[in-house]
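Trainee: Below are the chains, spelled out letter by letter.
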Amino acid sequence: MTFRRIYILWGLTGLFLLGLVFYPLIVDLQPYWLLVGFSALFYAILASSWSLLAGYTGQFSFAHMAFMGLGAYTSGILVRDLGWAPWMSTVAGVLLAGVVGMIIGYLCLRLRATYLALFTIAFAEIFRLVVKAEVNFTGGPNGLEMPPYTIPEGVNRVMRAIFPFWDAHQYVPSYYIMALFFFLSLFVMFLLVRSRYGLFFRAVREDEEAAAALGVHVVNTRVLAFVVSSMIAALAGILFHHFIGLIVPDEMQIGRMSLVIAMAVIGGSQNLIGAAIGAIFIHFSLEWLQQIPLPVPVLEQLLFLENWGFNIDLQAGVLRTNAWRMVGFGLLLMLTLRFWQNGLISPIIEWLARKEAVEEVAKRFQAERAMDAVDNVAEITEPVEATNPSETAS
Amino acid sequence: MWLAPEVVPTLVLQVSATYIVRLLLEGLLIGVIYALMALGLTLIFSVLNIVSFAHGEFYMIGGYVVFLILRNWKGFPGLLAIFAAALVTFVIGAIFERLFLQPMAQGKVDRPNEYAILITFGLSFFLQFFVLGLMGPFPKKAPRFWSLPELDLGFLRMTRTTLFLGRIPLSAGRLFAALIALIALAAMLYFMYRTWTGWALQAVSQDRNAAAVVGINPLNMNTLAFALGGMLAGLAGAVLVTVFSWVPWVGITASAKSFVIIVLGGMGSIPGSLLGGIILGVVESLGTGLFPDPARAQAYRDVFGLIIFALVLLVKPTGLFGREL
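Going down the list, the sequences are from chains A and B.
Numbering-wise, the working numbering comes out as the position in the first sequence, counting from 1, plus 4.
Numbering-wise, the working numbering comes out as the position in the second sequence, counting from 1, plus 217.
For the record, the hints were derived by calculation from the structure and aren't laboratory data.
Treat the hints with care, since some could be wrong.
Here are the computed lysine to any residue pairs in the SDA-like style, where the Cα-Cα straight-line distance is at most 20 Å [as the list claims (entries may be wrong)]:
| no. | chain 1 | residue 1 | chain 2 | residue 2 |
| --- | --- | --- | --- | --- |
| 1 | B | K325 | A | Q345 |
| 2 | B | K357 | A | N311 |
| 3 | B | K533 | A | N346 |
| 4 | B | K358 | B | P329 |
| 5 | B | K357 | B | W290 |
| 6 | A | K367 | A | A377 |
| 7 | B | K325 | A | L99 |
| 8 | B | K357 | B | F347 |
| 9 | B | K325 | A | L348 |
| 10 | B | K358 | B | F461 |
| 11 | B | K533 | A | N326 |
| 12 | B | K325 | A | R342 |
| 13 | B | K291 | B | V460 |
| 14 | B | K533 | B | P488 |
| 15 | B | K533 | A | Y119 |
| 16 | B | K357 | B | F293 |
| 17 | B | K533 | A | T118 |
| 18 | B | K533 | A | L111 |
| 19 | B | K533 | A | A117 |
| 20 | B | K357 | B | G295 |
| 21 | B | K357 | A | W312 |
| 22 | A | K367 | A | F7 |
| 23 | A | K367 | A | W355 |
| 24 | B | K533 | A | R116 |
| 25 | B | K291 | B | F362 |
| 26 | B | K357 | A | G313 |
| 27 | B | K358 | B | W290 |
| 28 | B | K291 | B | M352 |
| 29 | B | K325 | A | E210 |
| 30 | B | K325 | A | L339 |
| 31 | B | K291 | B | R361 |
| 32 | B | K357 | A | E210 |
| 33 | B | K325 | B | I312 |
| 34 | B | K358 | B | A389 |
| 35 | B | K325 | A | F343 |
| 36 | B | K325 | A | W344 |
| 37 | B | K325 | B | N266 |
| 38 | B | K358 | B | L392 |
Use the sequences and the hints to build the structure in full.
Mentor: And the structure:
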């Protein structure tokens, strides 16, 4: 069996899925790392759904976090004021986000790139400020309480049978639910992108008029992108916040949006999987970079950094980077945009997946041409008996 | 339910002419500074054809430069500190433009539209956290270095911190800031309309190729425009740091307001940005002053501009004086 590059990709995917399933065991059920994994998946869903809207369809919307917050706040308010069960309010939140996404999608139809960005920034900021101001309705700056899900006992028993550590910590069920949703949403988006709709998205991104001339329904395509991405973002937001227990309006500020965008760009804004992997990778890196363990003598040389915003903990033997890890991340973002505009992760994925086929076809074509050339040479070197030109023509 | 009685306007607004005039004047004072900042953004757009999402961060840096100078050198003249802030933001703008925006102008970037939006966003991200790392998250306030002379002319009264026009109080800090902003605006307008370099900038904004034909280097003009734009934002921050308390994310709202103004006035139009700035200042002031629920009025201050913004984008994206994107 010849070794094909795509086997590497399948192997990596398998490894990743295994890691996803066994992650709680890998981190020894430590609550901190469970929470980090949980958040990483949350950001991965946000990054990949944003890349669907921005990378595939070309609509650079900054309202993504607003949709996330819209879903979460809707769910929380329905539970608080109408007494709905969290599962029902989740569905309602997703549907409402889909409707609002559709409206925003329609409003943005006439707006080109920069204007679309500005409009979605305006929408996101208005939403955040109104939520922050209406204290009686939304809890204002202090946030809204989001009650946890009650998992039915039947499900609990099944889960306990598969994962004996299900009850070890409250974060374990939340991690698995988020992991399940991560897998499902990526799968759905992947199917969408591989279908005709994926082609429509990319066609609309490249040249709307040409796409329309070829029969793509541009309006529906653009609005569909908004609806799908906003619904997925809302669902991610709802699940995340019901498990965390609280949502605050400042989670919808533009700074958080930039973080998601940065993750998607570094992963690869035009590749769903790249964006998701990029987000996970960056989230974990940012957590690891919070504290850099160094030998104490080295730390003693670096004490001057305390004046520059770092913290040195000689007893624990770590250098706390505080805000500087984000500075490094920002620099990475700018450099990636400048030199590797397709991202850092998605070129690797695409190299593993696609180039092989092209190379194989090229090799086969060359082999056939070589075979034909040999026939011609044989004809030429042997004494020519047939003078009929049509016999020597191939 | 959340529709509590205080939402319904029960109070009869004691709206006197004095109150309205006071709101108008306050709006004008802040509007002039908004206009200065928006002028920078519109200049960047007119020459480079991009909206700089990092504009607020230049504003933020301008403020921090003044703060640092005044904190570390007690007797340093305030005007010189403002000048230093302008210089620093000019240099930062020029360096960033040369490194990251020139390739786009030279055609070396794959998807220029996407790049233009994201790269300035990246700069904004970087600068916010850079300053957060250096200065920390706690609010800073620069010491006031300007006070009014004591004066009492009946109708016009001045204490050290406030100017009274009749019964209308105006803060000295804001007055000073508006004054410097006016001088800077006047200087900028003189520069744009009465000097060769200013004409060169306008030429590039009108027609790049024609400007190149007559010997103007569009790439150098790009750098100059971006640096000048950043400088104007830095100036706005430098004059306001003694008035507002300063945190690394103070630029976010400033950016948002600049976007509102340039869209309202028309992207790329200088008179549009001036008029838009004044309009926004006055609308914000009147809106918060006359809001039916005083408890929430301040929280909604930023919303007025954003609503105007959204409406303009939907109804007439070119704004008052603008040209097509």
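Trainee: All hints are to be evaluated individually against the structure, with a verdict given for each.
Mentor: A quick look at each hint next to the structure:
For the suggested pair K325/B and Q345/A, the alpha carbons sit about 11 Å apart, so the restraint of at most 20 Å is met. In summary, the hint linking K357/B to N311/A is supported, as the alpha carbons are separated by about 17 Å, within the 20 Å threshold. Restraint check: the Cα-Cα separation between K533/B and N346/A comes to about 34 Å, which exceeds 20 Å; the hinted pair is violated. Pair hint K358/B plus P329/B does not hold up; C-alpha atoms about 39 Å apart against a cutoff of 20 Å.
Simply put, K357/B and W290/B have alpha-carbon atoms about 16 Å apart, close enough for the 20 Å limit, and the pair holds. Proximity of K367/A to A377/A is assessed by CA-CA distance (about 15 Å); at most 20 Å being required, the pair is judged to hold. Pair hint K325/B plus L99/A does not hold up; C-alpha atoms about 43 Å apart against a cutoff of 20 Å. Of the pairs offered as hints, the one joining K357/B and F347/B holds, with about 16 Å between alpha carbons and a cut-off of 20 Å not exceeded.
For the hint pairing K325/B with L348/A, the CA-to-CA distance comes to about 19 Å; that is within 20 Å, so the pair holds. The suggested pairing of K358/B with F461/B holds, with an alpha-carbon distance near 7 Å, which does not exceed 20 Å. Restraint check for K533/B and N326/A: the C-alpha separation of about 44 Å exceeds 20 Å, so the hint is violated. About 10 Å separates the Cα atoms of K325/B and R342/A, which keeps this hinted pair within 20 Å; it holds.
Pair hint K291/B plus V460/B holds up; C-alpha atoms about 18 Å apart against a cutoff of 20 Å. Between K533/B and P488/B, the direct Cα distance comes to roughly 17 Å. Compliance with the 20 Å bound is thereby established for this hinted pair. Using a Cα cut-off of 20 Å, the hinted pair K533/B and Y119/A holds, with the two alpha carbons roughly 12 Å apart. Between K357/B and F293/B the alpha-carbon distance is near 18 Å, which keeps this suggested pair within the 20 Å criterion.
Note on K533/B and T118/A: the hinted pairing holds, with a Cα-Cα distance of about 15 Å set against a maximum of 20 Å. Simply put, K533/B and L111/A have alpha-carbon atoms about 13 Å apart, close enough for the 20 Å limit, and the pair holds. Pair hint K533/B plus A117/A holds up; C-alpha atoms about 16 Å apart against a cutoff of 20 Å. About 17 Å separates the Cα atoms of K357/B and G295/B, which keeps this hinted pair within 20 Å; it holds.
With a C-alpha separation of about 16 Å, the suggested pairing of K357/B with W312/A holds against the 20 Å cut-off. Our distance criterion of 20 Å between C-alpha atoms is met by K367/A and F7/A, whose separation comes to about 15 Å. Taking the CA atoms of K367/A and W355/A, the gap is about 17 Å. The hint holds against a cut of 20 Å. Among the hinted pairs, K533/B with R116/A is consistent with the structure: their alpha-carbon atoms are about 13 Å apart, no more than 20 Å.
Our distance criterion of 20 Å between C-alpha atoms is met by K291/B and F362/B, whose separation comes to about 10 Å. In summary, the hint linking K357/B to G313/A is supported, as the alpha carbons are separated by about 16 Å, within the 20 Å threshold. For a cut-off of 20 Å, the pair hint linking K358/B to W290/B stands: about 15 Å separates their Cα positions. Using a Cα cut-off of 20 Å, the hinted pair K291/B and M352/B holds, with the two alpha carbons roughly 19 Å apart.
Simply put, K325/B and E210/A have alpha-carbon atoms about 18 Å apart, close enough for the 20 Å limit, and the pair holds. Simply put, K325/B and L339/A have alpha-carbon atoms about 14 Å apart, close enough for the 20 Å limit, and the pair holds. Only pairs whose Cα atoms come within 20 Å are accepted, and K291/B paired with R361/B is accepted, the gap being roughly 11 Å. The suggested pairing of K357/B with E210/A is violated, with an alpha-carbon distance near 47 Å, which exceeds 20 Å.
Only pairs whose Cα atoms come within 20 Å are accepted, and K325/B paired with I312/B is accepted, the gap being roughly 18 Å. Of the pairs offered as hints, the one joining K358/B and A389/B holds, with about 16 Å between alpha carbons and a cut-off of 20 Å not exceeded. Annotation: proposed proximity of K325/B to F343/A holds, straight-line Cα distance about 10 Å (limit 20 Å). As the CA atoms of K325/B and W344/A are separated by approximately 12 Å, the hinted pair is consistent with the 20 Å bound.
With a C-alpha separation of about 16 Å, the suggested pair K325/B and N266/B falls inside the 20 Å cut-off, and the hint holds. Restraint check for K358/B and L392/B: the C-alpha separation of about 17 Å stays at or below 20 Å, so the hint holds.
When each numbered hint is compared with the structure, violations occur for hints 3, 4, 7, 11, 32.
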